[in-house]
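Given the coordinates of chain A, work out where chain B should sit on it, guided by the hints.
Chain by chain, the residues:
2 protein chains.
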Amino acid sequence: MDDNSSSILAAASSPSGAGGLGFITVHAPATVANLVCGFDVLGLCLHEPYDIMDVRLLDEAKVIVRSADGYPLPEDPAQNTAGAPLIEMLKEVDENTGFEVLIHKRIKPGSGVGSSAASAAGAVVAANHLLGNRFSKEQLIQFAMFGEKVASGVKHADNIAPCIYGGVTLIRSIFPLDIIPLTTPDLFVTVVHPQIEVKTADARAILKHNVLLKDAIKQWGNVGGLVAGFLKEDYELIGRSLEDFIIEPVRSMLIPGFDELKKRCKNAGALGGGISGSGPSVFMLSKEEKTAQDVAQIMADVFTHLGIDFHTYLTKINGEGVMVQR
Amino acid sequence: MDDNSSSILAAASSPSGAGGLGFITVHAPATVANLVCGFDVLGLCLHEPYDIMDVRLLDEAKVIVRSADGYPLPEDPAQNTAGAPLIEMLKEVDENTGFEVLIHKRIKPGSGVGSSAASAAGAVVAANHLLGNRFSKEQLIQFAMFGEKVASGVKHADNIAPCIYGGVTLIRSIFPLDIIPLTTPDLFVTVVHPQIEVKTADARAILKHNVLLKDAIKQWGNVGGLVAGFLKEDYELIGRSLEDFIIEPVRSMLIPGFDELKKRCKNAGALGGGISGSGPSVFMLSKEEKTAQDVAQIMADVFTHLGIDFHTYLTKINGEGVMVQR
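Chains A and B are the protein sequences, given in the same order.
Residues in the first sequence are numbered from -6 upward in steps of one, following my numbering.
Residues in the second sequence are numbered from -6 upward in steps of one, following my numbering.
Bound-form chain A, shown alone (with noise of 0.2 Å):
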């Protein structure tokens, strides 16, 4: 993998092939999905943590996906989270061009902060940058989101659309296509990603195909007060908002000590939080830096008890999105 590596980075300072305009780094954020109630339709952007991604033009058609970590990937890069939506790019263009992928992968996969949608939106943003811009984040946000469908066989977009505009996000619907940028809200994110695997095509099959009428209209009220929360910046609405009657008592099951950790981050201060997408990762909003870093400190005390490895990460909400280095 050093190899791929190096040639890459040898292309960056290159006249050949597409020439040293041909060639950008991206940064790729991790994005929070859900936010407790708003399954598949809300999502958040944060700083921390961020794949790096390097892209190159080439001057043929085919798209090449390399890892810098020895993370082993699909050989077909339609297979790929980040090769899939070029793909579906190239499709859309006219020339005789390609692109050259090499990942930094940070964002451990599996972890439930978005780590295919980064790969899917660095691609694409990398992409559509060594183009010329020519396509709207509408069209970025359907290309990437076959790089979800690669990931979990659905396709969705609440940690594309984020990790693409930044912010929290609204997905109105998918079919059509209805994005709504809410807002940036001045707050502090801990997330704990503890070290067991929750497959999010799993974490899928266990929800129920029907819930009960009664409690759809809690879940869709604490959307809408999430939502007001977020654009009236009323932050105890948006604490008093993240509950859901629907999801989290069925995937929760798969986090040991979910129900203790939530418990103890409310009663040291959060706002609230719950499970970041599918899982395993648990986010919790903080007003403070300090509360935030008291719940960083209940979250490595609950898993180090139970024996179970694990990450945090403080971090703030990330309002730019996938990052173009100059």
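Calculated from the structure, these hints are not laboratory results.
Since we're looking at a predicted model, the values are computed, not measured.
Incorrect hints may have been included.
Identical copies carry no separate label here, and so any pair may be met within one copy or between two of them.
As the list claims (entries may be wrong) - Listed next, the in silico DSS-like pairs over lysine-lysine satisfying Cα-Cα at most 27 Å (straight line):
id, residue 1, residue 2
1, Lys148, Lys84
2, Lys192, Lys207
3, Lys98, Lys148
4, Lys84, Lys283
5, Lys225, Lys130
6, Lys225, Lys309
7, Lys280, Lys55
Just chain B now, kept in the frame of chain A:
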């Protein structure tokens, strides 16, 4: 009934009982609950039509409710939508006080624009004014919901909250009560009331207890979109969010001509709309008065063609709610 009417109006100018300060008249407006996607959680307040309610303080702990229009009312005030809330309020009042209410009913019961909520909300706002405004709006809603329970068997606040707060309100939760006043958009509202009977209790009974998760997801995407549309004053987003995959497909079967009506109104430029509350009234939102007039004409055409009597109202969103006449 004329006798009752004159006895109360006489009290208005009489120094007897609670005296001249012990009498008040309020206008209690109609409301549109649900707003298509927001079943049980969203509602808005109209300027027209409204009930006129004369309320007088009594110096004994009793509640009397009378109709000025000859509508038959239950003798037991606890069985009346205005009486039940006042009985609840009196439980929180120490002094030996009661209320006599005369209702000039202009909002036709069973029309689906919050007739029972207007009686309940008007009664408690008037009574609270006579008591020196000692109760908060949240407390008034708690009292008024006892009127909705009398009317439909279920406590709900999606008419009462906008009737008391004005504008568009979100009821994030009933237990515990959490009302989020959103905004008063500068939109025209056209309402048609076809003279067919749809009882709230029946309209609730035909709903399924279970809904598909995939439909619930679309629904809370739309609730989020509608709340964002109101707060961002994005009228096109409001229009796109006014769709309902759960309630309208069932309830619209009770309203002849509904599908044609909705389609023609949207084609004429209405942002969108649907069943008001549990029906049979149908409402449409429009940006321009001319569009709202065209919509009223379409509504008239449809029900004339069907041979169904109807009333139409062309009004705006009322930011004040129940109005105390000075």
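Hints versus structure:
For a Cα distance limit of 27 Å, the shortest separation of lysine 148 from lysine 84 inside one copy, 18 Å, qualifies, whereas the shortest one across copies, 55 Å, does not. Proximity of lysine 192 to lysine 207 under the C-alpha cut-off of 27 Å is restricted to the inter-copy arrangement: shortest distance 20 Å between copies versus 29 Å within a copy. For the homomeric pair lysine 98 and lysine 148, the shortest alpha-carbon distance inside one copy (22 Å) is at most 27 Å, but the shortest distance between copies (53 Å) is not. In this homomeric assembly, lysine 84 and lysine 283 never come within 27 Å of each other (Cα to Cα): the closest approach is 49 Å inside a single copy and 45 Å across copies.
For the identical chains of this complex, lysine 225 and lysine 130 are neighbours both inside a copy (25 Å) and across copies (20 Å), given an alpha-carbon limit of 27 Å. In the homo-oligomer, the alpha carbons of lysine 225 and lysine 309 lie at most 27 Å apart both inside one protomer (19 Å) and across protomers (24 Å), since each shortest distance falls under that limit. Within a single copy, lysine 280 and lysine 55 get their C-alpha atoms no closer than 47 Å, and across copies no closer than 49 Å, so neither meets the 27 Å cut-off.
When held up to the earlier numbered hints, the structure conflicts with 4, 7 and fits the remainder.
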